Amino acid sequence: MKRKVVIYHLSKHIDKIIIGLGYVLLFILLLGLVPGILYQEKLMEVGIWQETREIGNDNFIVRYHMNSGDNKPTVLTSGGEELLAVDGWGSTIEKSNDNSPRSIWDHTFRNVAASSFIIHDIAWDDYQMMQTVRLWENQVIFEYKFLSTENEDIQLTLSLKHRYDNYSTLTLGNVKINENQENELFVKYVVKLELDNTFAAAGNVRYLVDNALYWLRLTFYAENIPADNRWHDVARLTMSYSLIEREQSQE
Amino acid sequence: MLKDRKRKINKRLVLLIMLALGIRFALINLNHPLDLQTWHGLFVDLNQNRSPYTTFEELTYEARATQGVGWSQYYMYFAYPPMLIPVYYPLAKLYGVFYPNDQVNFSIADVDPYPQVPLLLNFLFKLPIILADIGIALLLYKMTKGSEKSLISYLFNPLVIFVSAAWMFDSIAAFFLVLALYLFERRRYDFSAVALSFGFLTKIFPIFALPVFCIEFIRRKSWKFVRYALIFGAVAALVTLPFWSGVKLSFEYHSARQPSGLTPLSIHFVAWAIGASESTLNQLEFVILPAVGSFFLIAGMSLIYAYLSKKEISLRQKLLMTFIVYFIVSKNLHEPHILTLIPFCILELHERCSFDKKWQYRLLWMLAFAYAIIGAPLTRFLYGYTLDMGILYLFELPMIVKGVILAGVVVTFHLILWNALITLIRGRPVVSLEGLRQRLKR
Numbered sequence: 001m002k003r004k005v006v007i008y009h010l011s012k013h014i015d016k017i018i019i020g021l022g023y024v025l026l027f028i029l030l031l032g033l034v035p036g037i038l039y040q041e042k043l044m045e046v047g048i049w050q051e052t053r054e055i056g057n058d059n060f061i062v063r064y065h066m067n068s069g070d071n072k073p074t075v076l077t078s079g080g081e082e083l084l085a086v087d088g089w090g091s092t093i094e095k096s097n098d099n100s101p102r103s104i105w106d107h108t109f110r111n112v113a114a115s116s117f118i119i120h121d122i123a124w125d126d127y128q129m130m131q132t133v134r135l136w137e138n139q140v141i142f143e144y145k146f147l148s149t150e151n152e153d154i155q156l157t158l159s160l161k162h163r164y165d166n167y168s169t170l171t172l173g174n175v176k177i178n179e180n181q182e183n184e185l186f187v188k189y190v191v192k193l194e195l196d197n198t199f200a201a202a203g204n205v206r207y208l209v210d211n212a213l214y215w216l217r218l219t220f221y222a223e224n225i226p227a228d229n230r231w232h233d234v235a236r237l238t239m240s241y242s243l244i245e246r247e248q249s250q251e
Numbered sequence: 001m002l003k004d005r006k007r008k009i010n011k012r013l014v015l016l017i018m019l020a021l022g023i024r025f026a027l028i029n030l031n032h033p034l035d036l037q038t039w040h041g042l043f044v045d046l047n048q049n050r051s052p053y054t055t056f057e058e059l060t061y062e063a064r065a066t067q068g069v070g071w072s073q074y075y076m077y078f079a080y081p082p083m084l085i086p087v088y089y090p091l092a093k094l095y096g097v098f099y100p101n102d103q104v105n106f107s108i109a110d111v112d113p114y115p116q117v118p119l120l121l122n123f124l125f126k127l128p129i130i131l132a133d134i135g136i137a138l139l140l141y142k143m144t145k146g147s148e149k150s151l152i153s154y155l156f157n158p159l160v161i162f163v164s165a166a167w168m169f170d171s172i173a174a175f176f177l178v179l180a181l182y183l184f185e186r187r188r189y190d191f192s193a194v195a196l197s198f199g200f201l202t203k204i205f206p207i208f209a210l211p212v213f214c215i216e217f218i219r220r221k222s223w224k225f226v227r228y229a230l231i232f233g234a235v236a237a238l239v240t241l242p243f244w245s246g247v248k249l250s251f252e253y254h255s256a257r258q259p260s261g262l263t264p265l266s267i268h269f270v271a272w273a274i275g276a277s278e279s280t281l282n283q284l285e286f287v288i289l290p291a292v293g294s295f296f297l298i299a300g301m302s303l304i305y306a307y308l309s310k311k312e313i314s315l316r317q318k319l320l321m322t323f324i325v326y327f328i329v330s331k332n333l334h335e336p337h338i339l340t341l342i343p344f345c346i347l348e349l350h351e352r353c354s355f356d357k358k359w360q361y362r363l364l365w366m367l368a369f370a371y372a373i374i375g376a377p378l379t380r381f382l383y384g385y386t387l388d389m390g391i392l393y394l395f396e397l398p399m400i401v402k403g404v405i406l407a408g409v410v411v412t413f414h415l416i417l418w419n420a421l422i423t424l425i426r427g428r429p430v431v432s433l434e435g436l437r438q439r440l441k442r
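Protein chains in written order, with my numbering: chain A, 1 to 251; chain B, 1 to 442.
What the hints contain is simulated information worked out from the structure, not anything from laboratory work.
Fair warning: there could be bad hints in the mix.
Distance windows between CB atoms, simulated [said to hold, decoys possible]: (1) A:LYS16 - B:TRP223: 16 to 24 Å; (2) A:VAL34 - B:VAL430: 36 to 44 Å; (3) A:ILE28 - B:ASN10: 31 to 39 Å; (4) A:HIS9 - B:ILE313: 22 to 30 Å; (5) B:ILE313 - A:LEU31: 32 to 40 Å; (6) A:VAL24 - B:PRO158: 37 to 45 Å.
Since the model is a prediction, treat every value here as computed from it, not as a measurement.
Virtual Cβ for every residue (Gly too), placed ideally from N, Cα, C.
Could you put together the complete structure from these sequences and hints?
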């Protein structure tokens, strides 16, 4: 009987109840507006990051420039441990200056052991490190900087995951490296980077893909880097980036 | 005699369905480049037993790192509820048998992709969509007591053909929605709730029908609305929970997405055209207009539900009015979305046809189609056949001309939506095409 009375009243006043619920939802929207806007603002504040790498006799330096705001980036190994806490690995993170949200973070691997397999999983807030890749109109540019103390050629094996149409040309320096290649995925190229004075001073290699329709995602690994023995022992150095859950990255 | 007639009708129906299938399968190699990248990624992810939400999250973080602002706060990948995962999992596995090493090269955020995929992928992806189209047509046939006209109107509507064969999976969600209505009318309430939940789990919009069904119970002074809502919620929770983090990110994406498509809230394009600064545009696109959109959505839907709760009209009409209002207040209204209105318009035309309603229906889908032809533009769908930019962008108009035309289409489209809504509420339109025709005749 009571149920019947309730449903009778519910049915009678359903329009008013809906309007009331509408007001409640609008009020909730209003309450959520401020944190929502702040969250959006935060997302919009964050700019791009940049990355440079330097190869020394027995070390490998990765330098990241990124927005850090008030947070400190978290560095994790492939196993998920925090890299900063691992002995033998050096890292510094510093804010560039108080007026800028941009931080410079230098991070040096010393005494690299044989068969080391280094995965850089670097997350900061919601952000994931990646290569500096830019696509402008008809070309894709990847920029890497190498600095070698040895006055020798560096041989790089590039593992390219790519697809491009037949009009595109991929050039490395002055060499067209896909001239006789079919459209393929995961192609490996062994490329000799001839050192010249400019390169030795501040190496700058550009990969250009003319008329590209696709973004190229590039993972590269360096092989047989003719530095000293220690480096020679590092048969393979793979740099790759993958997602770190947000929860993991928060300190 | 009766048997012969029945057999004749059945034969004709089969022929019509075969023709509809034939037309659709002939068009499967047409695609929207950005969306095809998503379907391709979905197949590759599922074949590798990887959740497409994980890829969506990764791409989103990468996009934020490279772009930082704007469009790329979220990468436009798999930002849908999870129903497509069980639907496409077996098909993706089948695809994997033929293309085990297939990979996706996602375009950098904010850059148009031009994925080249095997024809098999197009076929397998579009198969459930096309079957859903047939399902809707058959439901309409049954719901209009065997009206062949209703079946034909849906199956051979150019917008429906284009959306299902070349673009989006809206027909799967629309199928579940129409099925929910059909089952509700047959008093199979539990199955109706399950079907509606499946619709919501395919694309979000069918959830706006849930209050209409519940209110209908309340109006009839029945407590069954509790059971209906619980079944809906339980099914939705069961499918959603395993993918909760990805679904949450998808919802975040949709709530923060800048208004676009056939909505007056796309006004930020005007600000862009007159040279507003980047920070102003960002504020407008990603903060102010989404907030205004949410306000409109809550206010508009509350008003229509309140109005319908006291109205003695058929459930079909109520759903039609609900989705008209939803399209009026929605901040993201793209051409494929209009497909949802079409079955309800056909039902309305079957029961209460008038010259005005007929033209309102025609203009609604024609304007949506016109928007796609100019906006996308249509020729870009040909890239499965050619990568010649001259052909792909043949219909691309100068930015200002395109903007003016699209704005005109949006305004006209909304005037017609309002006119259609008022026609349903008052029984006569504000601007009567019938009156106009008679005046012209005189």
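Going through the earlier hints one by one, which of them does the structure break, listed in rising order? 3
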